[in-house]
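Visitor: Starting from the known structure of chain A, fit chain B onto it as the hints suggest.
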Amino acid sequence: MAEFYDKESVRAPMSQRLQRFEPPSDTQAIGALVSVTIDGKELKVPLGTTILEASKKVGVRIPTLCYHEDLCVAGVCRICVVEVEGQPRLQASCAYPITAPIKVKTHTRQVRQARRHILDLLLSKHYGECYACFRNNNCELQALAKEYGVDFFRFGHPEKPRYRIDRSSPSVIRDMDKCILCRRCVRTCIDLQEVGVLEVNQRSNRSKVITFGEKPLGDVICINCGQCINRCPTGALRANDPTDDVWAAIDDPTKHVVIQTAPSPRAGIGECFGLEPGVPLTFEMNTALRRCGFDKVFDTNFSADLTIIEEGTELLQRLHKALVQKDKMVRFPQFTSCSPGWVKFCEHFYPEFLDHLSSAKSPQQMFGAVIKTYYAKLNDLDPKNIVTVALMPCSAKKFECNRPEMCDSGYKDIDYGLTTRELAQMISEAGIYLPAMPKSDFDDPFGTATGSGVIFGATGGVMEAALRTVIELVCGIQVEDLFAHADITPVRGFDGIRFMELPIKKVGPVPELLKGLFEDWDWLVGATLKVAVAHGTANAKRVMEDIKAGGPCSECHFIEFMACPGGCLGGGGQPIPTSPEIRAARARAIYAEDAAYEVRKSHENPAIVRLYTEFLTEGPCSHLSHHLLHTAYTPRGKYIV
Amino acid sequence: MIMPTETNQLTFSKVPINEGMKSALQKDRGEIIAMVSQSGLKGRGGAGFPTGIKWNLAAAAQDDQKFVVCNADEGEPGTYKDRVILTDYANLVFEGMTIGGYAIGARKGILYLRAEYTYLRSFLEDLLERRRRTGFLGQNVMGKRGFDFDIEIRMGAGAYVCGEETALIESLEGQRGEPRNRPPFPVNTGFMGHPTIVNNVETFAWVTCILVKGADWFRKIGTEKSTGLKLFSVSGDCSFSGVFEFPMGITVAELLERVGGIGAKAVQVGGASGHCVPASEFDRTIAFEDVPTGGSIIVFGPDRDMLAVAKNFMEFFIDESCGQCTPCREGNERLLEGILMLEQGRCSMRYLRELCALGETMQAASKCGLGQSSPNAFLSIVAHFKDEILGRAPVAD
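Same order as they appear, the protein sequences are chains A and B.
Everything in the first sequence is counted per the working numbering, starting at 1 for the first residue and increasing by one.
Everything in the second sequence is counted per the working numbering, starting at 642 for the first residue and increasing by one.
Possibly wrong hints are sitting among the right ones.
[Stated by the list, open to error] The list that follows gives simulated cross-link-like pairs (lysine to aspartate or glutamate, DMTMM-like), each with its CA atoms no further than 25 angstroms apart:
(1) A:LYS208 x B:GLU814
(2) A:LYS105 x B:GLU995
(3) B:LYS655 x B:GLU766
(4) B:LYS854 x B:GLU865
(5) B:LYS866 x B:GLU672
(6) A:LYS103 x B:GLU1001
(7) B:LYS866 x A:GLU85
I should point out that these hints are in silico values taken from the structure, not numbers from a laboratory.
The following block holds chain A by itself, in its conformation from the complex (with noise of 0.2 angstroms):
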């Protein structure tokens, strides 16, 4: 949670926050600790630790369903009471802090009372039945249901549904029937990701979760980030699920059926099949991905080094414009455009900043655009009949794929995404379990990856990929002369908002792949490149105003976006739960895998250097490359009518 907190920010309520304990600054509490006693084991924790954080640390479990680590605290749902010596009433655990020695007891019988009543309260709202439930046996609220032997409905149980299930938006379905108010959502919005779509309407019973005038989620300003889905405790949210239509296509004869995945996922499958966080399966996805039928799996690190070679450019060009031929029109910093949650968000809260954004495609439309052209032509297909769909750790890839503009080959470029969720899925209906799986490489013509690829899935990871291909382009140096392994490291790690800076002291030969578009580098010579990473939305807005003020980050000339906290790895389309350990899991299989590769730069992918030969021959940033692989953005505002 450290690492999004910032208490000067947050906007939720006060009232759904843990308000800190601070002890007063002129005595010695700071760094104090308090004995604390747990069902008769004692400890002592850090003063202001709350009981929750302090049962964790002797083992005594107390189950929670509004709490959640990425989040500010609620303290509403109130199933983690428990009695603490010499109070009348039970406290919620997860926002009592410890400022005095005390005793608590988590289990007597008025707390087991209290939870199988507010469990059974919890029930007698939560219309569906759990077979036909996504999150069946991923369900925090089944969970429980079970561990307090809930066996019957002592309050009732809803027999008809009472909310419309809300299908409008692309990538996030609500149904209200199933929200158990624990306002996970609202404060996820509002208050990780500050975004604000949804909040609490009414009151009492009648209180629900609503959009700004209960418009449709569609029709609001939904980045579509889908991290309110990662932490809704039951099935109220969900990810717009394509498996159907994927399965007809995969049926159908005529169809070729080529699936491209992203680095994230791989990371993150393995934990829906019951592995440990942080176990990459890739190779053994490819075999599964073929069984499953489709007929061509491809690795989505080839588009994304195709990304760094043309963003990589277009900032090339903005230096050049901006420094040799002087041109005040050219605007600084350049923003990463791959993230479409990110996309989504600057266009609805800085539709003025929409040039900053790098008209580069991100990897899953450009590879979509180069099957349906480039792969179609070298093996005599018709582009009609190929389907092209991503395997993404993202919600908002299903927005993005169906963005009207997003037909560049002149068919949709990707038709279906998918999120490791359903991937998942429709491994298991395909009857395979997927860590037993033999290992398979990608297919060719795009078969070889580079590490570079491979990084983007983790925050920080674009900006890396960048890096090591600019400087080897333009000082013609090895990036393993300044960083060890080539491992960039100030611009890793999960700091909210990270800097860094590049002295450019001598530069080598322009290569010749981009030839065309420059003479030479001197111009850069003494030039100092400023970048900076920022992953969640509430950390690109702290970004973005201070830009908008003129701070260190209006500066930069280069600026990594994620919208999702962790970068993709922490995507709106992995696996369910989400902590910021799973996430440091999934960075770790992330970064181990780019080190195993021979070719950890995106120039040097030999795919990326043929695509140049014999397609866009005439190289990046060209007219053919900007028809294909660049796109433009919507100015949209935040006031939607």
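Guide: Then chain B, alone, in the frame of chain A:
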């Protein structure tokens, strides 16, 4: 227009204006708080938290900004004593707030006025303006150098829950009126994160009286644990409804005698969130150690249907729960359903026991005082009037 309310002789009417403040500003802060503590004054809103302790905590808190908030969100069904105080003795309240500000080191006071009392606003604003002009508010209050204090009136929007102090603060900050997690308490982290005392209208008025008449005067009235006088808003099946001043510790029977409520079968003490005292317990005292109250007394005559009474209260809570915590949001609804089943003669004893257990869970596990007290009326009516509410003729569908 609101009709004048029947009262007995109130102490407030005999306290000269601004005497309390004059006396307070001659003392230092510690002395004032010691005096309030010594008087034994407890919060008149109903919770009965010792005012002296509250002020002491806020005075001890380190912060360059502190706030005094007067809770005039008088929403408990059956209470209207604060309306009378604000109509007739508002100066005593403003004085009390100023004294509080001086005692804890605050420069700003806020009167949080119930939306239904909007008609009082311009009258109160005029009073405040007059106090500013005459030097009883503003910079260097009453010539006391370095003591600046002003009072602002802010309006509620009609939510009962905003009478809960943290929900009130939340509402003052422009948020949805929902109670916060406690601890920390407002005395440390209140309005805009600064130390804040939130006291009832009547509490502030009594502070002024204590400064005029002395702590011992107050302490000698009432019981040992509930000192002083208290205003009661009396309504229901009695001859004289209105606002009455009685000493704390008065028995229910004595009170009934004074208001002409002899023959009542029950008295609801403390409003919807209070307790229903049956005739067999009329010798109980109205005091924080026995039957606590914020001042609401509702008398139920022999012909009242107690199930209808319980139903009315539960409907009120279902309307007014803020809906954030599960026990209160869902629990009240289940209790009302139980009452409807009782009405139709379809509630089994087993289910009624289950509902009573649920009521206890609500009292223990709800987030704030609303949910913690909403089952009180239900539970006490079921406990004392079982014969009356059970055994109704079953109603066919």
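Visitor: Looking back at the numbered hints, which does the structure fail to meet, lowest number first?
Guide: none
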